[in-house]
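Listed below, chain by chain, are the residues.
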Amino acid sequence: MTRTIRVTPLRVVRSEWTKLRSLPSTAWSLATAVALVVGFGALYSTLRVTRPPEPAAVASFDPTAVSLVGVQLAALAVGVLGVLLVTGEYASGTIRTTLAAVPARLPVLWGKAVAFAATTLALCVPAALAAFLVGQSILARERLDTTLGQPGTARAVLGSALYLAAVGLLGLGLGALLRSSAGAIAALFGLLFAPQIVVGFLPASWSDASYGYLPVPAGAAVTSVRPDPITLGPWTGFGLFCLYVAVVLGLAAWQLRRRDA
Amino acid sequence: MIEVAGLTKRYGDKLAVDDLTFTVRPGVVTGFLGPNGAGKSTTMRLLLGLDAPTRGSATVNGRPYREHAAPLREVGALLEARSAHPGRSAYRHLLALAQTCGIRRSRVDEVIEAVGLQQVARKRAGGFSLGMGQRLGIATALLGDPRTIILDEPLNGLDTEGIRWVRSLLRDLAADGRTVFVSSHLMNEMALTAQHLIVIGRGRLLADTGMEELMASAARTSVRVRSSDQDALAARLRAPGVEVSPDSDGAVTVSGLSTDEVGTAAAAAGITVLELTAQASLEEAFMEMTRDAVEFRAPTTEGAKQ
Chain A
37 MTRTIRVTPL RVVRSEWTKL RSLPSTAWSL ATAVALVVGF GALYSTLRVT RPPEPAAVAS
97 FDPTAVSLVG VQLAALAVGV LGVLLVTGEY ASGTIRTTLA AVPARLPVLW GKAVAFAATT
157 LALCVPAALA AFLVGQSILA RERLDTTLGQ PGTARAVLGS ALYLAAVGLL GLGLGALLRS
217 SAGAIAALFG LLFAPQIVVG FLPASWSDAS YGYLPVPAGA AVTSVRPDPI TLGPWTGFGL
277 FCLYVAVVLG LAAWQLRRRD A
Chain B
2 MIEVAGLTKR YGDKLAVDDL TFTVRPGVVT GFLGPNGAGK STTMRLLLGL DAPTRGSATV
62 NGRPYREHAA PLREVGALLE ARSAHPGRSA YRHLLALAQT CGIRRSRVDE VIEAVGLQQV
122 ARKRAGGFSL GMGQRLGIAT ALLGDPRTII LDEPLNGLDT EGIRWVRSLL RDLAADGRTV
182 FVSSHLMNEM ALTAQHLIVI GRGRLLADTG MEELMASAAR TSVRVRSSDQ DALAARLRAP
242 GVEVSPDSDG AVTVSGLSTD EVGTAAAAAG ITVLELTAQA SLEEAFMEMT RDAVEFRAPT
302 TEGAKQ
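So the protein lines, in turn, are chains A and B. Following the working numbering, the numbering of the first sequence begins with 37 at its first residue and continues without gaps. Following the working numbering, the numbering of the second sequence begins with 2 at its first residue and continues without gaps.
Hints in this document: simulated from the structure, not taken from any laboratory. Some clues are possibly wrong.
Among chain A residues calculated to face chain B with C-beta under 8 Å, some are [said to hold, decoys possible]:
#: 1; residue: Ile41
#: 2; residue: Arg42
#: 3; residue: Val43
#: 4; residue: Thr54
#: 5; residue: Lys55
#: 6; residue: Leu59
#: 7; residue: Pro60
#: 8; residue: Glu125
#: 9; residue: Ala136
#: 10; residue: Ala137
#: 11; residue: Val138
#: 12; residue: Pro139
Between beta-carbon pairs, the in silico distance windows are [as the list claims (entries may be wrong)]:
#: 13; chain 1: B; residue 1: Gln119; chain 2: A; residue 2: Gln232; range: 52 to 58 Å
#: 14; chain 1: B; residue 1: Tyr12; chain 2: A; residue 2: Leu142; range: 20 to 26 Å
#: 15; chain 1: B; residue 1: Gln119; chain 2: A; residue 2: Thr82; range: 49 to 55 Å
#: 16; chain 1: A; residue 1: Phe229; chain 2: B; residue 2: Thr22; range: 53 to 59 Å
#: 17; chain 1: B; residue 1: Ala217; chain 2: A; residue 2: Gly219; range: 52 to 58 Å
Predicted, not measured: the structure shown is a model, and the values here were computed from it. Every residue gets a Cβ at the ideal spot worked out from N, C-alpha and C, and that includes glycine.
Please work from the sequences and hints to get the whole structure.
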């Protein structure tokens, strides 16, 4: 078989996939994320079974949310991994070898994004499903459980995995934009947590009006069966979160083309 | 073939590369020499399209680097000794690079064997010594079987065996008709490796010359001599324009006289010559060339002691 030796986008994705899985730190971070999703769900479900809600509060009890409580924590692990996938290359000098092999540069960013998002989804869909099933089997002891057939439940489980992948891409974009681990992790945590705090200082009418448009409330809407009334709808919210991620990746792409490596 | 024309790179208010023009031809090893901070690494980054020039152009094999469809086939580069991620194995590092342009997997094993890293190829690159890192960097440069090879300080951190190996590798690559461009800040290292020299200082071209021409014109040749009566010989040799300075091992270095003149003078005085060597002082020629272009310099050794 003869094949033409030239750079193609698909080959760059393969290359980035090789890089992704050849680092022990990737395996550790992703294993941590999966353990957080499943483990925290099981732990919190057990806690709620030992202290079941008052009969009056059963109607507002959200068994899906209880079993998926680990998603927000896992998002930190996935987001930080996204940052390190890029900043690790800058710190070790690998980026120069990488960009010398792919001088067009942008395929490297897209290749990393595709390989990382696919890997995160492949692990987090089963993880969210496992967390849900384990959680419900625990909650069933007090008959507090629900099933995937209930409206919005399957969407919330799948949505949790999608949200995790999107946070991972946010980290990746910030890493490529800022190039330093410390700076990009600080920016990631800032984007995830700071807006809610800032909005909390505003008058109630303003904060209620803007809260749903903040990154985490918007993105997390898709992960819950019964969204908070002040947040956007599940897919609208997630769409907005993806738009934020796209803006960060776009800025990163622009910088990657423009700046010296 | 590497062609650089009017190449200039400014970082803020520092001019790192200042209007460089030179050509690196295939078939010979070309040394790229200059003191630390002279702009060698910057020039190499500009050649590889990693940094964008402020002015001027650089082409490799006839085109700007970025325009090659399979850059690894055209140019193999070693930019720094530690350029692999410390957590990744040498094999995976090379495989990921090979995959970007569809270089076959067996080529990865070939270059690993060529640089002698078979034993450690599956181990994390973070545990590599500087010398092993250099070997991995050279494997990276050879991966695409490129027509042009650019190596930044490839001899740093290598042991004697490694240095000899790199030297013969570079000569073989050049003998194959490839373009080989190797930087160093040590003249003596280059004297044994390169056939052509490009010397820069403070980003400017100082010399673009064949190694043999440089040797022939080396500003001052000196003679190292050891004899049965060093003091008597020194007294006899001293004359205007002749300098005699003792070496640490009991020999003396004489500048301004040829070996013939020193030998004849010793015979006339009845002194037995035990050792007599001509030294083309390339190091001195280089120092002279770059005297005004050294970026960092201790005032004098005396000053440092106070």
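Checked hints:
Of the supplied interface hints, the one on Ile41/A holds, with its beta-carbon coming within about 5 Å of a beta-carbon of chain B, less than 8 Å. With a least beta-carbon distance of about 4 Å to chain B, the hint placing Arg42/A at the interface is held under the 8 Å criterion. Contact between Val43/A and chain B, as hinted, is supported at the beta carbon level, the nearest pair being about 5 Å apart and thus within 8 Å. Against a cut-off of 8 Å between C-beta atoms, the interface hint on Thr54/A holds, since the closest Cβ of chain B lies about 4 Å away.
For Lys55/A, the shortest C-beta to C-beta distance to chain B is roughly 5 Å, which falls under 8 Å, so the interface hint holds. Below 8 Å, beta-carbon pairs count as interface contacts, and Leu59/A has one with chain B at about 5 Å; its hint therefore holds. Below 8 Å, beta-carbon pairs count as interface contacts, and Pro60/A has one with chain B at about 6 Å; its hint therefore holds. The interface hint given for Glu125/A is met, as the beta carbon of that residue sits about 7 Å from the closest beta carbon of chain B, less than 8 Å.
The interface hint given for Ala136/A holds, since its Cβ lies 5 Å from the closest Cβ of chain B, which is under the 8 Å cut-off. For Ala137/A, the interface hint holds, since its Cβ comes within 8 Å of a Cβ in chain B; the closest pair sits about 5 Å apart. The criterion of a C-beta within 8 Å of any C-beta in chain B is met by Val138/A, whose closest approach is roughly 5 Å, and the hint holds. A cut of 8 Å between beta carbons decides the hint on Pro139/A: the least distance to chain B is about 4 Å, and the hint holds.
Roughly 55 Å separates the CB atoms of Gln119/B and Gln232/A, a value that falls within the hinted 52 to 58 Å. In this structure the supplied range 20 to 26 Å holds for Tyr12/B paired with Leu142/A, their Cβ-Cβ distance being about 24 Å. Evaluation of the 49 to 55 Å hint for Gln119/B and Thr82/A yields a pass: the beta carbon distance comes to about 52 Å. Here the CB-CB span from Phe229/A to Thr22/B is close to 54 Å, well matched to the stated 53 to 59 Å.
Ala217/B and Gly219/A have their C-beta atoms about 55 Å apart, which keeps the hinted 52 to 58 Å range intact.
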